[in-house]
Amino acid sequence: MEKKILEIMNGIRRKHNLEELKEISSSQTLRGDFGFDSFDLAELTVKIEDETGVDIFENGIIDSVGEMLSRLGM
Amino acid sequence: MERVFLLDPERSIQRSYQDLFLDLADFPQVRPLFQDGTPYLLFLELVASLVRGEKMELLDPDLSATERKRIKTDFESPQYGYSSDEIERFFMFEQLLDRIKHHSNDWRLSLYTSGTTGRPKKVTHSLGSLTRFVRKSKKHQSDVWAFAYNPTHFAGLQVFFQAFFNQNPMVYVFDMPRERIPTVLGQNKVTHLSATPTFFRSILPFFERPMLSLQAVTSGGEKFDSTLGDSLQKTFPNAKIRNVYASTEAGSLFAAEGDLFKIPEKKMEKFKILDSGELLVHKSYLGESEDFMMEGDWFHTGDIVQEVEAGLFRFQARKNEMINVGGYKVNPHEVEETLLSVPGIQEAIVFPKGNRVTGNILAADIVIEPGFPSVDEAEITRQISKHLQKWKIPRVFRFVEAISLSRTGKKERK
Numbered sequence: 001m002e003k004k005i006l007e008i009m010n011g012i013r014r015k016h017n018l019e020e021l022k023e024i025s026s027s028q029t030l031r032g033d034f035g036f037d038s039f040d041l042a043e044l045t046v047k048i049e050d051e052t053g054v055d056i057f058e059n060g061i062i063d064s065v066g067e068m069l070s071r072l073g074m
Numbered sequence: 001m002e003r004v005f006l007l008d009p010e011r012s013i014q015r016s017y018q019d020l021f022l023d024l025a026d027f028p029q030v031r032p033l034f035q036d037g038t039p040y041l042l043f044l045e046l047v048a049s050l051v052r053g054e055k056m057e058l059l060d061p062d063l064s065a066t067e068r069k070r071i072k073t074d075f076e077s078p079q080y081g082y083s084s085d086e087i088e089r090f091f092m093f094e095q096l097l098d099r100i101k102h103h104s105n106d107w108r109l110s111l112y113t114s115g116t117t118g119r120p121k122k123v124t125h126s127l128g129s130l131t132r133f134v135r136k137s138k139k140h141q142s143d144v145w146a147f148a149y150n151p152t153h154f155a156g157l158q159v160f161f162q163a164f165f166n167q168n169p170m171v172y173v174f175d176m177p178r179e180r181i182p183t184v185l186g187q188n189k190v191t192h193l194s195a196t197p198t199f200f201r202s203i204l205p206f207f208e209r210p211m212l213s214l215q216a217v218t219s220g221g222e223k224f225d226s227t228l229g230d231s232l233q234k235t236f237p238n239a240k241i242r243n244v245y246a247s248t249e250a251g252s253l254f255a256a257e258g259d260l261f262k263i264p265e266k267k268m269e270k271f272k273i274l275d276s277g278e279l280l281v282h283k284s285y286l287g288e289s290e291d292f293m294m295e296g297d298w299f300h301t302g303d304i305v306q307e308v309e310a311g312l313f314r315f316q317a318r319k320n321e322m323i324n325v326g327g328y329k330v331n332p333h334e335v336e337e338t339l340l341s342v343p344g345i346q347e348a349i350v351f352p353k354g355n356r357v358t359g360n361i362l363a364a365d366i367v368i369e370p371g372f373p374s375v376d377e378a379e380i381t382r383q384i385s386k387h388l389q390k391w392k393i394p395r396v397f398r399f400v401e402a403i404s405l406s407r408t409g410k411k412e413r414k
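The listed protein sequences correspond, in order, to chains A and B.
Residues 1 to 74 in this note's numbering are what the first sequence spells out, letter by letter.
Residues 1 to 414 in this note's numbering are what the second sequence spells out, letter by letter.
Hint data in this document are derived by calculation from the structure and do not stem from the laboratory.
Note that this is a predicted model, so its numbers are computed, not measured.
One or more hints might be untrue.
[Unchecked claim] Computed cross-link-like contacts, SDA-like style, restricted to lysine to any residue with a CA-CA straight-line distance of at most 25 Å:
{"#": "1", "chain 1": "B", "residue 1": "414", "chain 2": "A", "residue 2": "49"}
{"#": "2", "chain 1": "A", "residue 1": "15", "chain 2": "B", "residue 2": "396"}
{"#": "3", "chain 1": "B", "residue 1": "139", "chain 2": "B", "residue 2": "121"}
[As the list claims (entries may be wrong)] Which chain A residues stay away from chain B? Per the calculated CB distances, all over 10 Å, these:
{"#": "4", "residue": "2"}
{"#": "5", "residue": "24"}
{"#": "6", "residue": "26"}
{"#": "7", "residue": "53"}
{"#": "8", "residue": "58"}
[As the list claims (entries may be wrong)] Restraint-style ranges between C-beta atoms, simulated for each label pair:
{"#": "9", "chain 1": "B", "residue 1": "402", "chain 2": "A", "residue 2": "73", "range": "29 to 39 Å"}
{"#": "10", "chain 1": "A", "residue 1": "64", "chain 2": "B", "residue 2": "296", "range": "16 to 26 Å"}
{"#": "11", "chain 1": "A", "residue 1": "64", "chain 2": "B", "residue 2": "314", "range": "43 to 53 Å"}
{"#": "12", "chain 1": "A", "residue 1": "73", "chain 2": "B", "residue 2": "401", "range": "26 to 36 Å"}
{"#": "13", "chain 1": "A", "residue 1": "58", "chain 2": "B", "residue 2": "177", "range": "42 to 52 Å"}
{"#": "14", "chain 1": "B", "residue 1": "272", "chain 2": "A", "residue 2": "20", "range": "51 to 61 Å"}
{"#": "15", "chain 1": "B", "residue 1": "268", "chain 2": "A", "residue 2": "62", "range": "32 to 42 Å"}
{"#": "16", "chain 1": "B", "residue 1": "179", "chain 2": "A", "residue 2": "2", "range": "43 to 53 Å"}
Note that beta-carbon positions come from the ideal geometry of N, C-alpha and C, so glycine has one too.
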């Protein structure tokens, strides 16, 4: 599952010609470390929901990767 | 040699105008509420209703029972209704035209708007409003038409009347497998073809060489774009490429050579463009209906246009198609046109996907041209980013075999 999430996040980074990341860690942030803007976050949530059925922003928009993973039960 | 009336290869039907005259005499009754999937029967009964001045209502053959229930028709169910006492036998086409002319003030035809949202609206047209753009002249006597619209809808009826009044053959290709169409057009030396941009995009990849017999190619029913215009001109080098603005409610209103429609000077007072860009049409141009969205004498078309200069406009989108992405209104047609300019993309449809960050983002279903090496999401994004602001870039792509179409043959936005 973590691999799938990483793949979605790297897919977004590729569109910005950003280097692909090998792993994600709980201490990272979506906007700061991944460089995501609102449209990227929107893509992220739609794609994660398509994949897992979970809306990661259902209880508010979060920036911490750790919090995102916990919402996904990981 | 007998003049062909209809060739329908899919149903192995070929009827000449003489056959039509004989069949008219053998068909004592027409169904005033017509719902039948055989195009020849539709045309036959339509002509019968015209020569007898009987009213007729057309329903899509594939309407489901539920959809059917939502429609309020004047007639109970599709059945043979009128029994005419005097059935005339025609030998000459002119004789038949005289009868049609004789009844032209009483005859009415009701159609239903495709109604993708809400209840389909009934619109009743007279022969005058249905044939506003029809031209009958010697110049047209050798035309051969390909019939590429749903015949129960306005655009299809336009083709029918144009062909019929000039006694031209019609070759029915609307529901034909796309890969067969170039051969059928060639075998029958088709000179005139009118269809939706979606239909054109679905057949263009199957032409192996330019088709020289086409003299006029008309696009209607959806937004026309220059990429399509260029491909049509390449495939049909001898054809005049036209674009028609029409609606079920008002019929054909304007024709254009590119995507710019001109309102003729003497008709200027019949049209208004609101500040919001919506095009309004004066009631004198409309069919009859109880369901029209009117404001005084003005009908709201729901079409957003861009006025380039006085009387010159370009279609932008349907009002209800605009998608709000993070507070920006996006016209999906603009995005689709940009996608279609990417080499290898044959067809594209853009639609919203809801989320809690930006309200919506754009998603796109993409059809890649047969035989074209695959194009991936990142590559498409790179190419269209040169032309579009970032909120107009689809963020979710699906690569599909085909895009689902409405009964009219237009792309269906989800």
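Hint by hint, here is what the structure shows:
1. With a C-alpha separation of about 18 Å, the suggested pair residue 414 of chain B and residue 49 of chain A falls inside the 25 Å cut-off, and the hint holds.
2. For the hint linking residue 15 of chain A to residue 396 of chain B, the alpha-carbon distance of about 12 Å falls within 25 Å, and the restraint holds.
3. Annotation: proposed proximity of residue 139 of chain B to residue 121 of chain B is violated, straight-line Cα distance about 37 Å (limit 25 Å).
4. A cut-off of 10 Å between C-beta atoms confirms that residue 2 of chain A is not in contact with chain B; the least separation is 21 Å.
5. Chain B leaves residue 24 of chain A outside its interface by the beta-carbon criterion, the shortest separation being 19 Å against a cut-off of 10 Å.
6. Every Cβ of chain B is farther than 10 Å from the Cβ of residue 26 of chain A; the closest lies at roughly 21 Å, confirming the non-interface assignment.
7. Every CB of chain B is more than 10 Å from the CB of residue 53 of chain A (nearest about 14 Å), matching its label as outside the interface.
8. The beta carbon of residue 58 of chain A sits about 7 Å from the closest Cβ of chain B, which is not more than 10 Å, so the claim that it is off the interface is violated.
9. Under the hint 29 to 39 Å, the C-beta atoms of residue 402 of chain B and residue 73 of chain A, about 37 Å apart, fit the expected range.
10. Our hint of 16 to 26 Å for residue 64 of chain A and residue 296 of chain B is violated, since their Cβ atoms are close to 57 Å apart.
11. Distance hint for residue 64 of chain A and residue 314 of chain B: a CB-CB separation of about 47 Å, consistent with the stated range 43 to 53 Å.
12. Between residue 73 of chain A and residue 401 of chain B the beta carbon distance is about 35 Å. The supplied range of 26 to 36 Å therefore holds.
13. Taking 42 to 52 Å as the suggested C-beta distance range, the pair residue 58 of chain A and residue 177 of chain B conforms, at roughly 46 Å.
14. Here the CB-CB span from residue 272 of chain B to residue 20 of chain A is close to 54 Å, well matched to the stated 51 to 61 Å.
15. Look at residue 268 of chain B against residue 62 of chain A: about 56 Å separates their beta carbons, and that is not inside 32 to 42 Å.
16. Hint check: residue 179 of chain B to residue 2 of chain A, Cβ distance near 45 Å, so the stated range 43 to 53 Å holds.
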